[in-house]
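**Q** Using the hints, position chain D against chain X.
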Amino acid sequence: MSLPEATIQNGTPGRAAAPLMEMQGIKQHYPVHRHLPIGPQKVVKALDGVDLDVRPGETMGVIGESGCGKSTLARVMSGLEKPTEGRVLFRGQDINELKGAEKREMRRNIQLIFQDPFSSLNPRMTVEELVGEPFAIHSEIEPRAGRRNKIRELLELVGLNPDHADRYPHNFSGGQQQRIGIARGIALNPKMLICDEPVSALDVSVRAQIVNLLDTLQKELGLSYLFIAHDLQIVRHISDRVATMYLGKVVELGRYDEVYDRTGHPYTQALLSAAPELRKNDGADRERIVLQGDPPSPIDPPSGCRFHTRCPLAQAMCVDQEPEPVEISGTHAARCHFADTVSAQ
Amino acid sequence: MSQTTEPTASAVAAGEPATFPPRRRKKTNRGPIWLRPRFLISGTIVALMLLMAAFPQLFAGFGSDPNANCNVMETNQAPSSEHIFGVDIQGCDYYTNVIYGARASILVGIVVTAISFVVAAILGALAGYFGGWVDVIISRACDMAFGLPFILAAIVVLQLFSERTVWTVIFALALFNWPGGVRFMRSSVMEVRNREYVQASMLLGASKTRIIKSHIIPNSLTPLLVLQTLGVGGVISAEAGLTFIGIGLTPPSVSWGLQLAAARDYISAAPHLLVFPALFLTLTVLGFVLFGEALRDEFDPKGK
Numbered sequence: 000m001s002l003p004e005a006t007i008q009n010g011t012p013g014r015a016a017a018p019l020m021e022m023q024g025i026k027q028h029y030p031v032h033r034h035l036p037i038g039p040q041k042v043v044k045a046l047d048g049v050d051l052d053v054r055p056g057e058t059m060g061v062i063g064e065s066g067c068g069k070s071t072l073a074r075v076m077s078g079l080e081k082p083t084e085g086r087v088l089f090r091g092q093d094i095n096e097l098k099g100a101e102k103r104e105m106r107r108n109i110q111l112i113f114q115d116p117f118s119s120l121n122p123r124m125t126v127e128e129l130v131g132e133p134f135a136i137h138s139e140i141e142p143r144a145g146r147r148n149k150i151r152e153l154l155e156l157v158g159l160n161p162d163h164a165d166r167y168p169h170n171f172s173g174g175q176q177q178r179i180g181i182a183r184g185i186a187l188n189p190k191m192l193i194c195d196e197p198v199s200a201l202d203v204s205v206r207a208q209i210v211n212l213l214d215t216l217q218k219e220l221g222l223s224y225l226f227i228a229h230d231l232q233i234v235r236h237i238s239d240r241v242a243t244m245y246l247g248k249v250v251e252l253g254r255y256d257e258v259y260d261r262t263g264h265p266y267t268q269a270l271l272s273a274a275p276e277l278r279k280n281d282g283a284d285r286e287r288i289v290l291q292g293d294p295p296s297p298i299d300p301p302s303g304c305r306f307h308t309r310c311p312l313a314q315a316m317c318v319d320q321e322p323e324p325v326e327i328s329g330t331h332a333a334r335c336h337f338a339d340t341v342s343a344q
Numbered sequence: 000m001s002q003t004t005e006p007t008a009s010a011v012a013a014g015e016p017a018t019f020p021p022r023r024r025k026k027t028n029r030g031p032i033w034l035r036p037r038f039l040i041s042g043t044i045v046a047l048m049l050l051m052a053a054f055p056q057l058f059a060g061f062g063s064d065p066n067a068n069c070n071v072m073e074t075n076q077a078p079s080s081e082h083i084f085g086v087d088i089q090g091c092d093y094y095t096n097v098i099y100g101a102r103a104s105i106l107v108g109i110v111v112t113a114i115s116f117v118v119a120a121i122l123g124a125l126a127g128y129f130g131g132w133v134d135v136i137i138s139r140a141c142d143m144a145f146g147l148p149f150i151l152a153a154i155v156v157l158q159l160f161s162e163r164t165v166w167t168v169i170f171a172l173a174l175f176n177w178p179g180g181v182r183f184m185r186s187s188v189m190e191v192r193n194r195e196y197v198q199a200s201m202l203l204g205a206s207k208t209r210i211i212k213s214h215i216i217p218n219s220l221t222p223l224l225v226l227q228t229l230g231v232g233g234v235i236s237a238e239a240g241l242t243f244i245g246i247g248l249t250p251p252s253v254s255w256g257l258q259l260a261a262a263r264d265y266i267s268a269a270p271h272l273l274v275f276p277a278l279f280l281t282l283t284v285l286g287f288v289l290f291g292e293a294l295r296d297e298f299d300p301k302g303k
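The listed protein sequences derive, respectively, from chains X and D.
Read in order, the letters of the first sequence are residues 0 to 344 in numbering that gives the first Met the number 0.
Read in order, the letters of the second sequence are residues 0 to 303 in numbering that gives the first Met the number 0.
Extracted from the complex, chain X is given alone in its bound form:
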C-alpha cells in the first residue's frame, strides 16, 4: 500500500520531491451574514493557512472534529471553491488559473468522491448515463461506439453487476451507490481522487468493502488519495501519511505510524484516545484524554496556539505565541511548543 519506505523517509513534509498536488498557504474565509449593514464584516476562517502536499500514489489521511475545515479542504483542493488566499497546485500549476485545454486536462485528473452517495447521483439518470457522463463531457477519451463496453468494464471494476446498468440510483443500496460514484470518479483515469468522508454515510458492515475497493483501485490505477474520515481506524488502515486539522489549520503531519504511535500534538492524542479500540503498536492502552468544552468559534479563533483553550498542557506562552511546526522526525511535525515532550510519552 505505501510507497517504498526510502521515498517517505527521505522526504520532509511539505518539501518532498515533485508532489502531485500541493496546497500553499490556503485560506478560505466566508463572510458572515450581517443583520445590520454597519459594523465590521466578520468572517468564518474555515481554512486559515493550510500547507499540504500529496505525492504520486500516496494516500494522505485527514482527521479532525466536525467543523475543523476538512470538507472545505476537499472543496478547495478539488477546485469547487476558489480559496480566498493561497494556491492549489496540480503538477506545479495553479488549478484556479488554468484555461481552456489545460483546464479540461486538469479536470480529468482531479476527482471528488462525495460523502452522501445518493445525493451525488442524479436521480433521473440511469447508472449507464451516470457513469457515462464523464465520457459525454470528454468525448475525445472514448469514442461513442466503445463507451458501452467501457462503462460495463468500470462497473465490473468497482464490483457492480454490469447488467444493472439501466437501473436508477434509488434501486441500489448506499454501498452500491457509493460504488457508482467511485466508478464515475475513476472513469477518466484521474491521478488524484479526493474522498470527502466516503464511508461516513454507510453502514459499518459496508465501510470495509468500500475502503478495500479504494485500496485495490489505488494499486491497479496508481491513484493518489486525499482521504478524509471520522473513523480513525479506517484512516490508519488506508493512509500513508496523516494530517490532523484543528480550527482551519493542520496541527500535525507525519507518517501514519508516527502520528498514531508517537503522537506529537495533544489534540491528536485526545482524538486518538477517544477511539479505545485503537491500541498503540505495542498493544498498550491509550490514556483517555477528555477535552473540555466545544471547539472555539472559527470566526474568532483563540490567540497564540489555537488549542490552548482546551489543551491539558497549556502554559502561559501558548496564549501569546502561535507555535510553528516543530519537527519531531524528518517526516513528522506538529504545531505545538511541546511537541518533543508529547511525542516522547
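Keep in mind the hints are simulated off the structure, nothing from the lab.
Careful, some of the hints might be misleading.
Stated by the list, open to error - Here are the simulated lysine to aspartate or glutamate pairs, EDC-like style, with alpha carbons at most 20 Å apart:
#1 LYS207/D to GLU195/D
#2 LYS207/D to GLU96/X
#3 LYS207/D to GLU101/X
#4 LYS207/D to GLU128/X
#5 LYS98/X to GLU80/X
#6 LYS149/X to GLU139/X
#7 LYS218/X to GLU152/X
#8 LYS81/X to ASP50/X
#9 LYS218/X to GLU128/X
#10 LYS26/X to GLU96/X
#11 LYS207/D to GLU104/X
#12 LYS190/X to GLU101/X
#13 LYS212/D to GLU128/X
#14 LYS212/D to GLU127/X
#15 LYS102/X to GLU80/X
#16 LYS81/X to GLU195/D
#17 LYS26/X to ASP50/X
#18 LYS207/D to GLU80/X
#19 LYS41/X to GLU84/X
#20 LYS190/X to GLU139/X
#21 LYS207/D to ASP134/D
#22 LYS190/X to GLU152/X
#23 LYS149/X to GLU127/X
**A** Just chain D now, with coordinates in the frame of chain X:
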C-alpha cells in the same frame, strides 16, 4: 420463541439459505402506472373531458349545436327517454348543452395553466439559477402579484370588459395565476443547483449548458409540471365560480358556470338543471386533481 428460531439457525449453519416469510411489497410498487386504479380512473375522466371539449359533436346526438332543436313550448322538463338530462328554460336539450359546456371550462383550465407553466418555468429558472438582482426583481414582482387576492383581482380585471368571451376570462385568470409556479420553480432550481450531482458534473468539466440541460431542467421541470396539473382543477372551478356570480363568461358562450347561474332561479321547480352541470364540474375538477396527484407520485423518484 426459541422453537421458531432454532430451525432457521440450524439451516443457516448447514449452509442452506435461511427462509423468511415473503415480505409484503410496498403499495406503490405494483405494476405500471397506467394500470393503477387512481391513474386509470382519473386518466379516463381527463381523456373523456378533453375529447368532449375538442369534439362535442361525438357526444351530442341530439343536435349539432346546443341551440338547435329547441322547443320553447317544453321548458324545464325533467329528464326523459327523449331528453336524458331534461330540457332547460329555453326548451333546448340539456344534455347537448352540458356537453358543449365542457369546452369553455377545459379550455380555460388548460390554457391558463399552460401560460402559467411557461411563465413560471422561464422566470423561475432565471431567478433560481442566476440569483442576484435578477432574482430580486422577479421575486419582488411575484410578491406584489401575491398581494392581490386571486379571485378579487380577476373580478376587477373582468369588470373592464362588457362582453366577456373565453379568452377574456383566460387573460384575467392567467394574469394572476403565475406567481405560485414561479416561486416553486425558483426554489426547486436553487435546490437542484446546489446538489452534489451538479457539483460532480462541474468537477468533470461540464459546461453550463450541459449542467442546465441534463441536471437542472429534468430535476426541476417535472415537479413544476405536476404542480401545474394539480392547478388545472382550481382554474376550472375559478372560471365556474366567476361565471356563476356573473363576472365571468356572458350568455352567448356556453359553460357550466352559466348553466349553474341560470339554474339557480329554478332550483325547486327544475333541480335537474343544477345537478347535471354541477356533476360534470365536480367530476372534471376531481379528475384533474387526482390525475395530478397520480403524476406527482409517479414522478417523484424519492416517493417510491
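**Q** All the hints need checking, so say for each whether the structure fits it.
**A** Hints versus structure:
1. Taking the CA atoms of LYS207/D and GLU195/D, the gap is about 15 Å. The hint holds against a cut of 20 Å.
2. Distance restraint check for LYS207/D and GLU96/X: the Cα-Cα separation of roughly 19 Å lies within the 20 Å cut-off, and the hinted pair is therefore satisfied.
3. With a C-alpha separation of about 18 Å, the suggested pair LYS207/D and GLU101/X falls inside the 20 Å cut-off, and the hint holds.
4. Proposed proximity of LYS207/D and GLU128/X is supported: the alpha carbons are some 18 Å apart, at most 20 Å.
5. With a CA separation close to 16 Å, the supplied pair LYS98/X and GLU80/X stays within the 20 Å bound.
6. Among the hinted pairs, LYS149/X with GLU139/X is consistent with the structure: their alpha-carbon atoms are about 14 Å apart, no more than 20 Å.
7. For the hint linking LYS218/X to GLU152/X, the alpha-carbon distance of about 17 Å falls within 20 Å, and the restraint holds.
8. Distance restraint check for LYS81/X and ASP50/X: the Cα-Cα separation of roughly 15 Å lies within the 20 Å cut-off, and the hinted pair is therefore satisfied.
9. Between LYS218/X and GLU128/X, the direct Cα distance comes to roughly 27 Å. Violation of the 20 Å bound is thereby established for this hinted pair.
10. Of the pairs offered as hints, the one joining LYS26/X and GLU96/X holds, with about 17 Å between alpha carbons and a cut-off of 20 Å not exceeded.
11. Simply put, LYS207/D and GLU104/X have alpha-carbon atoms about 18 Å apart, close enough for the 20 Å limit, and the pair holds.
12. Restraint check: the Cα-Cα separation between LYS190/X and GLU101/X comes to about 15 Å, which is no more than 20 Å; the hinted pair holds.
13. With a CA separation close to 14 Å, the supplied pair LYS212/D and GLU128/X stays within the 20 Å bound.
14. Note on LYS212/D and GLU127/X: the hinted pairing holds, with a Cα-Cα distance of about 18 Å set against a maximum of 20 Å.
15. At roughly 15 Å between alpha-carbon atoms, LYS102/X and GLU80/X fall within 20 Å of each other, so this suggested pair holds.
16. Simply put, LYS81/X and GLU195/D have alpha-carbon atoms about 17 Å apart, close enough for the 20 Å limit, and the pair holds.
17. Only pairs whose Cα atoms come within 20 Å are accepted, and LYS26/X paired with ASP50/X is accepted, the gap being roughly 10 Å.
18. Taking the CA atoms of LYS207/D and GLU80/X, the gap is near 16 Å; set against the 20 Å cutoff, the hint holds.
19. About 17 Å separates the Cα atoms of LYS41/X and GLU84/X, which keeps this hinted pair within 20 Å; it holds.
20. A threshold of 20 Å between alpha carbons decides the hint, and for LYS190/X with GLU139/X the separation of about 18 Å falls inside it, so the pair holds.
21. Restraint check for LYS207/D and ASP134/D: satisfied, since their Cα atoms lie roughly 18 Å apart, inside the 20 Å limit.
22. Of the pairs offered as hints, the one joining LYS190/X and GLU152/X holds, with about 19 Å between alpha carbons and a cut-off of 20 Å not exceeded.
23. Between LYS149/X and GLU127/X the alpha-carbon distance is near 10 Å, which keeps this suggested pair within the 20 Å criterion.
Consistency note: the structure conflicts with earlier hint 9 alone.
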